[in-house]
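*Asks:* As a plain string of letters, each chain reads:
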Amino acid sequence: MNSNENNTESKKEFEKPRHWVSTEELTPEYWANEEAQTRRGQEFYDKPIETLEKIEAMDKTGVNRRDFLTIMGASMAMASFACARRPVNKIIPYVVQPQELTPGVALNYASTCNECAKGCGLLVKTREGRPIKLEGNDLHPANKGALCARGQASILNLYDPERLKAPFKGSKGGSKAASNWAEVDALVVAALKEAKKIRVVSYPQSGDSTRRILKEFMGAFQESKWLEVDPIGMDDVAEGQVESYDSKVIPHYAFDQAEVVVSFSADFLGTWGNPVENNGLWSKKRKLEKTADTLSKLYVFEANMTITGASSDERFPIVPGSEIAAAMAVAHELIVTQKKGKFAGNPEVLALLTGAGSGHDDLLAKAGGLNQEKVKKVAEDLWEARGKSLVVGSGSVALQAVINLLNSNLENDGKTIDGTADVTPYTASNRQLAQLQSEMEAGQVDVLIVHRANPVYFLPHGAAFADAMKKVKTVISINDRIDETANFADVVIAENHYLESWGDSHPKASVHSLRQPTISPLFDTKSFEDLLISWTRSGVKSTGLLALTASAPKASYYDYVKENWKQTLWNEFGKGQTFLDFWESTLQKGVLENKAGSSKERNFKTGSLRIAKDAIAQWKTLSLSKSKKGAATEGSGIALSMYPSIAMADGASANNAWLQEMPDPISSITWDNYLNVGSSYAAELGLELNDVVTVRGDNGSFEIPVNIQPGLPKGAVTVAVGYGRTASGKVGNNVGANAFKIAKFSGDHGLQLTGLLVSITKTGKRYELASTQSHFRTEGRPILNDISLAEYKKNPGAASETDPEIRLDKVPSLWTPPYDYAKSPYRWMMAVDLNSCTGCGACVIACQAENNIPVVGRDRVRMSREMHWIRIDRYYVGDVDAPQAVFQPMLCQHCENAPCETVCPVLATTHNEEGLNQMTYNRCVGTRYCQNNCPYKVRRFNFFDYWKDYKDTMNMVWSPDVTVRSRGIMEKCTFCVQRINDGKGRAKDRKGIVYDGEIKTACQQTCPTDAIVFGNANDPLSRISQLKAHPRAFRSLEILNTKPSVHYLTKVRNSNGGEAEEASHGHS
Amino acid sequence: MNAGLRKFALFGIIVVFVLGIALWQILPRTSEQGYQPEQPIPFSHKLHAGTFKIDCRYCHTGAYKSANAGIPSLSTCMNCHSVIYPESPWMQKIKTAYAEGKAIEWVRIHELPDHSHFNHKRHLAKGVQCETCHGPIKEMDRVYQAQPLTMGWCLNCHRGFETPSYVRKNIYPDHPDGDEPVAPFTCNTCHY
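In order, the protein sequence lines correspond to chains B and V. Basically our numbering = 1-based index in the first sequence + 175. Basically our numbering = 1-based index in the second sequence + 35.
If you're looking for bench data, these hints aren't it; they were derived computationally from the structure. Careful: at least some of the hints might be erroneous.
To be verified - Quick list of the computed label-pair ranges, beta carbon to beta carbon: (1) B:D1171 to V:S110: 41 to 47 angstroms; (2) B:R1161 to V:P121: 53 to 59 angstroms; (3) B:N769 to V:P148: 50 to 56 angstroms; (4) B:E863 to V:L58: 54 to 60 angstroms; (5) B:L282 to V:V50: 39 to 45 angstroms; (6) V:T185 to B:L989: 35 to 41 angstroms; (7) B:T1102 to V:N191: 47 to 53 angstroms; (8) B:P992 to V:L58: 40 to 46 angstroms; (9) V:L58 to B:S350: 54 to 60 angstroms.
Claimed, not checked - One-sided excerpt, in silico: chain B residues whose CB lies under 10 angstroms from chain V: (10) K265; (11) R656; (12) V1152; (13) N1156.
Glycine included, each C-beta is placed from N, C-alpha and C at the ideal position.
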């Protein structure tokens, strides 16, 4: 950018691309750079010789090139001999075949996800008794058939070969040895029998039965306490609700009712609340199916660049921690200046909103210099849509108080915010850990049970917590691996995966769902609740239903759940049904939904604003002038915000390679976390991409590479938590750095992850982040469209031409279509609505699970060898310091005139009469011509037998419906042809044709916003036929006359003029 | 032609011939036609399906509802053999295995490569008889692979070149003498 300013001549000539992938593309140097040009122009991303050199450097201990060739030669010869007689394969039938099971036919079971506490409904697809794919349960009211990336990936955790295979015992912090259940149970029972004061620390539990059994278990002890902790939970929201409304709940936010949504750093489409549900609700107002439809409006004030900010209509980058100032500024504008709403005449509110340090200009300055006009517009829009607007935020309790004020003042409470009817009490709280630690330090705790929680990892002073644990008589950890916390336990109890256990979930008042096991435990493990029952049976005192269940010799937690449902829910909702009918029908559906009643408006306690006033008084404006040009020095106050990344969240599933290799939707980086620094700010600090810096906070420091992230304000840096695990397993250990280390934690404020002042020092080291951003560039071709709402209303079809000069119908085609597609009963096509797509990445992982896509590892991602069949391309739009982004899911376009097909020398890729571009693995000889010739760069080559990296139980995750590809062949999206064949088979059975919506591709099925529609374009009534005729529909790179089967629907932004409208033609 | 050259040519011919034989021996076979391994229990299809005329689907229950025809579980054997001919040493073996819950490991005969997906159900739905692909199974004491099961062999039927006339009659009852394809033959009918 700087050199751009210096060179006025090139500035004049150079036209910045509208859509850009990385900041370098905004400089004329990039486009003139010979090396970059060569690289873009050459056949393969890396020349073969460079690749070999890289491999050699990468794997010094491994095989060098010459050995490789020798081994190859020998193995070729041996392979030929071995094939002369086929190896003898065995068929091992069942001894007694289960009645419901036919080998080769999948069975689906309804269950409930337990990857996080939100409890989305699941359908578990099993083949011959092993789960191979998770899908959302259509009947579940929250996720409505969709799942997030983490939910999709949680099936891989089931087959993680590094899960505990038996209970372990040992010394605290010392070595542990495998034991057996008799020994471990005896130890635990002896400790529990003597214990007077016990503490249970667990991940939030939303299941009624789990809650009940744990309470009954603890009830028999003299003193007991149960702490639910979630480092990335919504403690601030719940405590804010207590302050303002006296109820500790997470309200239900009706994004589908809201016409104006304002978010203060709440990444509700990515990680905040239940993102699957939020995506579904929010996108309902973004569909623009008909031209007359309205579009909701989303304002985002945020420190980090999130997918919520990227999808917003207007985004304000603010410094971490100044969300409170921004929210106060909006409240001030609305209530004090414009005198709108019922609190405009409330002297207490007015007094708290004004005064020293809270003048309007002060607030704007504290928020990092917000534009007064824009804040005014936000306030006006909110008031215009009062009762149909929504303000959300994340960060601190003080911020929540202001947000609650705004919502109450805008009459949203009781309308778009339901805090009374469809909610359950929020029980988690991190701040209690401080008290627990002092109790442990004082030696007052007899037994500590830690279940699926990892405070030693996520507490900034984890080591001190671990030391305190050593003073507890007996520490029992119930976990699937010996993690950082379990390391300090006496006994580590091997726990089931949730797909092996019974359970239930009650995330909202209106939803009760059941979890059923879909496979018997793979290893010698037990479920948490079954342990409580067996301990009770061995003589540990207990109460209630637990004692009753334990007294029956063979009863297990299954009987407990059943009895609990009989006692509570059957009475309430099972009228006129026998319990067995009620139970079995609920189990079959997986979820019990009931009417929640209507929500009521709550009384806002104006006094709760006092914490906001205190907070704003203490908040100091960052003195940005302190940061000098050049290397930043200690003491230059830089505000840090930590965020849970979409893939890794709190880091519990760090050993999941699918999630590690999922490119972050914004930064496109895999396998690491990194320090995000804004482009201009990085230039000021003298930081470049891949520079390793030391981030120093009050509590400590860590080293981390830098990522230049457009959209971050000056004075701010952000980093993802959930990385830097040291005891998660081979995959997740030492990936990235643990940012929790420098978070703040106190008994008063809990875990504070944002608004921390840090300093940054350059170490001089470099580290190459494995980013997919620079892979598969479009070389400046027009690949997607976006347009402002105003422009769209004027001319709905304005953006449907990718290049105004060349229209497809005017281009003479050299091709004759190989088939008359109209004659076939089916013509498969897909439409992707860029307006709905929020870039959440669920489709990437769903595709990976469905189509046996391997992971390749960090080093090979660096070499552009990732294997994902669908990727989410993120294109920035607008100013480099405050850009928005468009997400474009890119998959095989199944072109009618497919460039890949004409260059294949062995006809391994061909077209069929249903419009599918087929990839025949057994024919492919690996020339990679097709990959080279594909303008969309969606073909993936197997450089190695990646499947061989799947060890032991991990091989159980392969779907038998899809070939596991071997070395040397090309692969790509098939439109889930196995599902198409399956659906066609079902249609043939009923002697009809496939009806619309019967076949869903894996990506479509899991999409929370319904952005992907797949279907038969030969059926004029199908959704796909309607969407492809939609005025917003366009085909990517239409100018190349490839005639893709995938249609994209233009992104329409509800912007307030300015940048986006100015360039409203929207071609990149 | 001088003698040296003649000798050289002769030597060359012999070398080519020997190499040819060696390659034919070494290179992978495309078909396992005729493969007839010994099974752990000499189950006779001739006796069960031929003499006693037990329907194939009594044991191979998956054939009409799944891609896999399925090998019967031991409990299927026990349905009859708990009373019929229980004293045979082979039945004793089955009984022991059944009691211990250990399955019999049969040797697989008909096997397609992993990259081909064959569906029994679809073929049965069009009335293809078991014998068309599996040969005279009712006359086999020990089962062998009667057909090549190669892609060319599959396609000959799908494309209508060598389609058995009864299959064609099922599919085109109006004109059973045509030569049009009887089934799809695009790549991802089978390969995906």
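*Asks:* Against this structure, judge whether each hint is valid.
*Replies:* How the hints compare with the structure:
At roughly 42 angstroms, the beta-carbon separation of D1171 (chain B) and S110 (chain V) lies within the given 41 to 47 angstroms, and the hint holds. Hint check: R1161 (chain B) to P121 (chain V), Cβ distance near 43 angstroms, so the stated range 53 to 59 angstroms is violated. At about 52 angstroms, the CB distance of N769 (chain B) to P148 (chain V) agrees with the hint of 50 to 56 angstroms. Separated by about 58 angstroms at the C-beta atoms, E863 (chain B) and L58 (chain V) satisfy the suggested range of 54 to 60 angstroms.
Taken as a hint, the range 39 to 45 angstroms is violated for the pair L282 (chain B) and V50 (chain V), whose Cβ atoms sit roughly 59 angstroms apart. Between T185 (chain V) and L989 (chain B), the C-beta spacing of about 37 angstroms keeps the proposed range 35 to 41 angstroms intact. Taken as a hint, the range 47 to 53 angstroms is violated for the pair T1102 (chain B) and N191 (chain V), whose Cβ atoms sit roughly 29 angstroms apart. Separation of P992 (chain B) from L58 (chain V) is about 43 angstroms and conforms to the stated range, judged on CB atoms against 40 to 46 angstroms.
At roughly 58 angstroms, the beta-carbon separation of L58 (chain V) and S350 (chain B) lies within the given 54 to 60 angstroms, and the hint holds. About 4 angstroms separates the beta-carbon of K265 (chain B) from the nearest beta-carbon of chain V, less than 10 angstroms, and the hint is met. Taken as an interface hint, R656 (chain B) does not check out: its beta carbon lies about 31 angstroms from the nearest beta carbon of chain V, beyond 10 angstroms. Given hint, V1152 (chain B) at the interface with chain V, holds; its Cβ is 5 angstroms from that chain's nearest Cβ, closer than 10 angstroms.
Checking N1156 (chain B) against chain V by beta carbon gives a least distance of about 7 angstroms; that is within 10 angstroms, so the hint holds.
In summary, the structure is inconsistent with hints 2, 5, 7, 11 from the numbered list given earlier, while agreeing with the others.
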